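There are 2 protein chains.
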Amino acid sequence: PRSVTYENGKVKLIDQRLLPREFKVIELMTIEEVARAIVTMQVRGAPAIGAAVAFGLALYAETTKAKTKDEFFDGFYETYERLKNTRPTAVNLFWALNRVKKLVEEHRENSLDKIKHLIVEEAQKIADEDVEANLRMGHYGAEVLPEGNVLTHCNAGSLATVHLGTVGAVLRVMHKEGTLKLLWVDETRPVLQGARLSAWEYHYDGIPLKIISDNMAGFVMQQGKVDAIIVGADRIVANGDFANKIGTYTLAVLAKEHGIPFFTVAPLSTIDMSLKSGKEIPIEERAKEEVLTCGGCKIAPDVDVYNPAFDVTPHKYLTGIITDRGVVYPPFERNLKRLFKRE
Amino acid sequence: PRSVTYENGKVKLIDQRLLPREFKVIELMTIEEVARAIVTMQVRGAPAIGAAVAFGLALYAETTKAKTKDEFFDGFYETYERLKNTRPTAVNLFWALNRVKKLVEEHRENSLDKIKHLIVEEAQKIADEDVEANLRMGHYGAEVLPEGNVLTHCNAGSLATVHLGTVGAVLRVMHKEGTLKLLWVDETRPVLQGARLSAWEYHYDGIPLKIISDNMAGFVMQQGKVDAIIVGADRIVANGDFANKIGTYTLAVLAKEHGIPFFTVAPLSTIDMSLKSGKEIPIEERAKEEVLTCGGCKIAPDVDVYNPAFDVTPHKYLTGIITDRGVVYPPFERNLKRLFKRE
Chain A
1 PRSVTYENGK VKLIDQRLLP REFKVIELMT IEEVARAIVT MQVRGAPAIG
51 AAVAFGLALY AETTKAKTKD EFFDGFYETY ERLKNTRPTA VNLFWALNRV
101 KKLVEEHREN SLDKIKHLIV EEAQKIADED VEANLRMGHY GAEVLPEGNV
151 LTHCNAGSLA TVHLGTVGAV LRVMHKEGTL KLLWVDETRP VLQGARLSAW
201 EYHYDGIPLK IISDNMAGFV MQQGKVDAII VGADRIVANG DFANKIGTYT
251 LAVLAKEHGI PFFTVAPLST IDMSLKSGKE IPIEERAKEE VLTCGGCKIA
301 PDVDVYNPAF DVTPHKYLTG IITDRGVVYP PFERNLKRLF KRE
Chain B
1 PRSVTYENGK VKLIDQRLLP REFKVIELMT IEEVARAIVT MQVRGAPAIG
51 AAVAFGLALY AETTKAKTKD EFFDGFYETY ERLKNTRPTA VNLFWALNRV
101 KKLVEEHREN SLDKIKHLIV EEAQKIADED VEANLRMGHY GAEVLPEGNV
151 LTHCNAGSLA TVHLGTVGAV LRVMHKEGTL KLLWVDETRP VLQGARLSAW
201 EYHYDGIPLK IISDNMAGFV MQQGKVDAII VGADRIVANG DFANKIGTYT
251 LAVLAKEHGI PFFTVAPLST IDMSLKSGKE IPIEERAKEE VLTCGGCKIA
301 PDVDVYNPAF DVTPHKYLTG IITDRGVVYP PFERNLKRLF KRE
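Chains as they are written, first to last, in our numbering: chain A, 1 to 343; chain B, 1 to 343.
Any given hint might turn out to be false.
Copies of the same chain look alike in the list, so a pair counts if it works inside one copy or between any two.
[As the list claims (entries may be wrong)] Listed below are the simulated DSS-like cross-link pairs for lysine-lysine, each with C-alpha atoms no more than 30 Å apart in a straight line:
no., residue 1, residue 2
1, Lys225, Lys276
2, Lys225, Lys288
3, Lys114, Lys176
4, Lys102, Lys341
5, Lys84, Lys341
6, Lys181, Lys288
7, Lys279, Lys24
8, Lys65, Lys10
9, Lys65, Lys125
10, Lys337, Lys84
11, Lys102, Lys225
12, Lys125, Lys69
13, Lys12, Lys84
14, Lys69, Lys298
15, Lys279, Lys181
16, Lys225, Lys316
17, Lys24, Lys298
18, Lys181, Lys298
19, Lys225, Lys298
20, Lys125, Lys337
21, Lys84, Lys67
22, Lys256, Lys102
23, Lys10, Lys101
Simulated from the structure, these hints should not be mistaken for lab results.
Just so you know, these numbers come straight off a predicted model, no measurement behind them.
Next up, chain A with everything else stripped away, as it sits in the complex (with noise of 0.2 Å):
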């Protein structure tokens, strides 16, 4: 099923913080709730926060009490604000709501009915989009990335997306072709998005794999069973640098210390041309408990943490990149300019 869908009024989402140990589709019906759902990381991963908060703005279109325009748009920007205001440093998100508002001031003089209408209907096409972007990408990744053990972290997966994954359209395609020998899967402390997530839905699928914790990544490279590294993004800049989920640094630094292929997957709505660099992007820093605690269970007596939810991988680090448009290689500036041009 879709991770994040909307119909009538009501935002609806796979509660990701249950997961494994409960399966439960969550109703939203205001847009503080859907904030909430953001911020608490109900739901996480860089396209389906972007489909959540276009459906978000779908949400406040269907059930906004505003009589006229001017209340309206007054209570769409308020809406528009309170969403941008729940992580920092996926781009998908902003990518949202911004081709939301566009369309909506390209067609301000169009009646409330047909506004209305046509957020309702730009959030659907993000969702829908979102969908053929993954199976494109879980092609175009598979056609490139060596037959073996892959090794991924966090989860980029169908619940980081409306549905499929980015690097989980690509093992789902490899997965099929017979090319996925075994995938190893991060743990991806402190949220347990591997662990949790990607172990869940992979083994659902049928997908050979085996946990590790983070630590373990170096040690399995060095034993040569690694074939090939992917890992999502939560926003590619123009130089290639991209940020993701704690952690990705480390296995880019590992991937080039063993000589192995470092991919990200990320759809055109996650690179984001107005940074030139890395070192540009905001990296949430999350509370405390999080490292304090795994699972539920408290771990640690109470001192200091740090808490970075991100890091950046500098571009050096990456073979390629898998967009919907086909893979980018070196050197990114250039192609990635390029791929935008041609579009």
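Got chain A sorted already, so can you dock chain B onto it with the hints?
Showing chain B alone in chain A's frame:
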């Protein structure tokens, strides 16, 4: 207090599985209890295990009902074998057992009472020497480490030894001398010796520290916030390769990539000159439950895992080995040989 002591037929240990929730000293009165405490990691850390098995032999000597020397020696070898077959990687265990065994065999012709007395005395000596060795390592280490932020992995502190620690002694001397600005504590999944034990004992001593999850280490180094890395060792071999808690190898690769000094700290009893290269060190694999749970909470669906307890870091990544007889630098093969000749 000391982590491992012996008195009147009782081996006393701080139960490290309960920390930091509960500080409890347990009293072991049979060899089987001592063996189980090692297997279940109620006592862990290479030098602490060494002292624990030596005290196990003392416990045998003082509690055996053997009436003849033949009976006594049969029981002694049985005890020796039982304690030997607890954990395979840390060499201090074998070193301590063999040291007592050798002494006993040299005094085979003495009276039974004399032999028993010698065993208890030798076990006590092993424990006392460990504390003295740590003090010396503390001063040697503090002399060569740069002033600033230090990162450590697992626990090579007071709890991992009889007292003070290997890494622990270095950190304590640095803290006293004012050269330790901040200690980064890797949480060290799956058993969390960093978050549970290191954070607890160093925070207790007033050392400023921050816990990070293991996968954050690379990002912290990339930001220039780590000036040196020191870790313990479970076995160092003749060419300088060494086994230590899983995750150490990943830190070594990251240290190299960022030009950060990388030291291991261990007494001579941790150095195994009988093995030529790290490839010969047996690596213990532990139960899958350690990876599927965290601090007592279930965190993943019931899928396959890989759970090596240690990894091997090739000597090329090492800046130096801080021992109780001084700091050894490359070429390690030649300089370790010299160190043992001097002894």
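Here's how the hints hold up against the structure:
no. : hint              : result
1   : Lys225 <-> Lys276 : between (35 Å within a copy, 24 Å between copies)
2   : Lys225 <-> Lys288 : between (34 Å within a copy, 19 Å between copies)
3   : Lys114 <-> Lys176 : neither (43 Å within a copy, 72 Å between copies)
4   : Lys102 <-> Lys341 : within (20 Å within a copy, 78 Å between copies)
5   : Lys84 <-> Lys341  : within (27 Å within a copy, 68 Å between copies)
6   : Lys181 <-> Lys288 : between (37 Å within a copy, 21 Å between copies)
7   : Lys279 <-> Lys24  : neither (38 Å within a copy, 47 Å between copies)
8   : Lys65 <-> Lys10   : within (16 Å within a copy, 77 Å between copies)
9   : Lys65 <-> Lys125  : within (25 Å within a copy, 82 Å between copies)
10  : Lys337 <-> Lys84  : within (26 Å within a copy, 63 Å between copies)
11  : Lys102 <-> Lys225 : neither (48 Å within a copy, 42 Å between copies)
12  : Lys125 <-> Lys69  : within (24 Å within a copy, 87 Å between copies)
13  : Lys12 <-> Lys84   : within (19 Å within a copy, 58 Å between copies)
14  : Lys69 <-> Lys298  : neither (51 Å within a copy, 52 Å between copies)
15  : Lys279 <-> Lys181 : between (36 Å within a copy, 26 Å between copies)
16  : Lys225 <-> Lys316 : both (23 Å within a copy, 22 Å between copies)
17  : Lys24 <-> Lys298  : both (25 Å within a copy, 18 Å between copies)
18  : Lys181 <-> Lys298 : between (36 Å within a copy, 27 Å between copies)
19  : Lys225 <-> Lys298 : between (33 Å within a copy, 27 Å between copies)
20  : Lys125 <-> Lys337 : within (25 Å within a copy, 70 Å between copies)
21  : Lys84 <-> Lys67   : within (25 Å within a copy, 81 Å between copies)
22  : Lys256 <-> Lys102 : neither (41 Å within a copy, 48 Å between copies)
23  : Lys10 <-> Lys101  : within (20 Å within a copy, 74 Å between copies)
Violated hints for the displayed structure, listed by number in ascending order: 3, 7, 11, 14 and 22.
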